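Participant: Residues per chain are reported as follows:
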Amino acid sequence: MRTAHLALAAALAAGKAGCAPSEIGDLEPLDVVVQVVGTTTVTPARPRISAFLVGQGGIAPLADRALTSTRAPIHLTLQPPPAGHITNRLLQARLGTGNGLLLVEPIRFALYDDLDGTAGFQDGMQVLGPDRILAIDEPPRGYGWVPQLEQQLAVPRPPTVSAYYALTGDRYTAFVPLFRPLDGTVALDASTTSVSVDISQAALAPTRLACGQGFSSPRTEDILHLQVDDALDADALCGLEVADCSAVRIEELDPRGFVPSPPTGAHGNITIQCRRRGALETVVIETNRRLCRPADCVCERFTETHAVLTATTAPPSWWPCGDTIPYCASSRPLYRTDPPCRTDEP
Amino acid sequence: MVVLLALAATLTGASEIYADGRDDRTLLLQKLVNRNLPGQLGPHRLGRNLGRATVAADLLLNFQSSLSEEGPTPFHGFFFMDTYISVEVAESIDINLNLLVFNKTASGGFRVLSEVLPGLSAHYHPRLGHWAGHPIELDVLAIDLDVTTIGNGLLLETVPLEGLLAGVRWNGLELRHVFGGRVFWPQDDLLNVTLTAYDGHLGVGYSRWFTTADEVGVDSSANYAHVFGRWSPIPAATVAAEYMVRLDGPERPAHALLGRADFTYRSDPVSLHTGYQFRWYESGSGPFDVVLAPSTLPNTPDREEYYATNSFEYLWLSPLYEQWSHTGMLEAILHAPPFEAFAELEVWLRFSADREQTPPRVLRTLQGDRLPGRVTTAFYRVGVRLYPLADRPYRFIAHVTNKSVSSFGNVRQPELARFIDQPVFSLEAEARL
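Chains A and B, in that order, are what the protein sequence lines are.
Quick note: the first sequence uses this note's numbering, first residue 1260, plus one each step.
Quick note: the second sequence uses this note's numbering, first residue 4, plus one each step.
Incorrect hints may appear among the rest.
What the hints assert, rightly or not - Only some residues are given here: those of chain B computed to face chain A with a beta carbon under 8 Å:
| id | residue |
| --- | --- |
| 1 | His-137 |
| 2 | Glu-140 |
| 3 | Val-294 |
| 4 | Pro-363 |
Stated by the list, open to error - Short, incomplete list of chain A residues facing chain B, as computed with Cβ under 8 Å:
| id | residue |
| --- | --- |
| 5 | Pro-1280 |
| 6 | Ser-1281 |
| 7 | Gly-1284 |
| 8 | Leu-1412 |
| 9 | Ala-1413 |
| 10 | Ser-1421 |
| 11 | Val-1557 |
If you are wondering where the hints come from, they were derived from the structure by calculation, not from laboratory data.
Quick caveat: nothing in here was measured; it's all calculated off a predicted structure.
Backbone N, C-alpha and C fix where the C-beta goes; we use that ideal spot for every residue, glycine too.
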């Protein structure tokens, strides 16, 4: 019996010595869900969705697939970037509730029209390439890639390792979910289960992708046209404030002509409001356009306002106020829209 | 009964030092202990016979030359004087003061890196009486507990602690309590109660390891039960074992084992120690359920006389991995007056496995080891000692070693590693005063 016990102990010790420890595998991929939100009148010829990193050497693809529909959630499997990818931009992301921090490279998601038919986003070049970008990922939810994962976890910060594996569900992966609120902070957040791309923001998408969130938006032109019924005293009513003021035969006006043609690449909206004060009332058509130049990381805003002024007692036959469009009670000038009353039309 | 009597006959006697936490099987020259000083000193010590006071000092001077591109180790070109002053202020009451006086390196400038690290212990050790012909002895010791080992070292081995040590002994039995602060992690505490028989050769114990370190986001405790024993079938051989279970493991009780066998032969001209130890720590057997890198302090050269194989290296990884290891220890001394050749070697083969995830969760240690997997570590020291005076414990030493204490900042600054592996050649002068 004693010999058997000793033999068992020796076998156990020898067995432990002979048992192979765990084999370390490659970094695991990650399945993510992409939701397409918003509406557009643009119909892409070859719609595809791509996930990628923007590195110093260009785009490093992580996933890319064709789309048959943008209504249903899109499933992507993120694969580690190719060897040779050099990180361009890192975010410092908070991990867990302690002081753990990791450096993370943001993953971009783009819905694009594969114009060159190569089934690859911009063919590995920079973000402004041959394909047309239709939508990009929208904050605050997103995903990130942790470069040099083992080295980052090797630094013994407050429970970084345990918090990391709790975040990834004990998986050895360098893909992590992110939460990036408007205050500029970044957190690794397991509650992120999908990422959204807004297809209604197509005009902005190239600029936002090329420039991150760091593009400038100087307000530029703000044009005002006021047309006064010729039965009223236009000079007295326009006063010193309105430069472009004219008296018109109001019955002959066609307000559809008040909406200018948008420049290529512009995105905007139209606001129509009816205003009334005393014996006067106006219909105000305000057109806001935003034109982006991704190469300069600039988006310029153009506002053009057409207002038609008439007497309350003698509106033209086409007048929409009161019936089609309710009056907006406001203390602002009659030739301006008031934001609380806005019902924007694209 | 026959087995127990035979067992009792082979057990060695008690050490003269109460709760001596040092390794008594190795030939590595470990430091004195800050209590029971008179019993530790050899006949040539200058401060042995000073009435109620006893004084001793171990002095080491070092000159170092690097053997790699990494340059010298943190302690180089240093002096280190480990000074002990013990005063029997009253019967059964000793006040023990240990002063570590050192200059870490001459490279820092004139006395810039000189420091004194004091440690004081008050030791109350009365004889309470007699029962059945055997004395009942009490020991209470605080604050400087010096090097401490619990059981056979599966949970804690040769770690300097501050806290409280208390025990009652009778006829080879002892009930002992240890409380240590700041053991391996910030604001952690370790409490232990052990009942031993045969002068510590058999025992059962309970330990509780806990922390209130909000700053690291951990508020945790772990409860352990131990069983341990050691036996010498022949005078030069010792076999030791310990079993430990963390009663409140993260998902279930988590177990650990230690087995060790040593052959220690001390003679003239040859002394030899060969040893083997096996350790196994199940996943979850560490005190905390998150991976939290431990740290150690103070980081002084006397640590180089303890093995690298230590629970410090295992406990923090247990949230992720099951671990096991084999360690071979060898020390040999050949005395050929006035010279003495010596060689020391520790080879430590460690394995780790993630039993919960496939593929496994990966971690890279500070030393660059990629876990889980297999890691081999070897520390050596080979050299020659010269005793210029045959009847005095003074010597010159020339040796090559790759084992140095990790101490890159102030010695009181917590270090995440105990040792660094860096080959150096040293010339030293040592005196035991």
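Participant: Against the structure, test the hints numbered earlier, and report the numbers of the ones violated in rising order.
Facilitator: 1, 2 and 11
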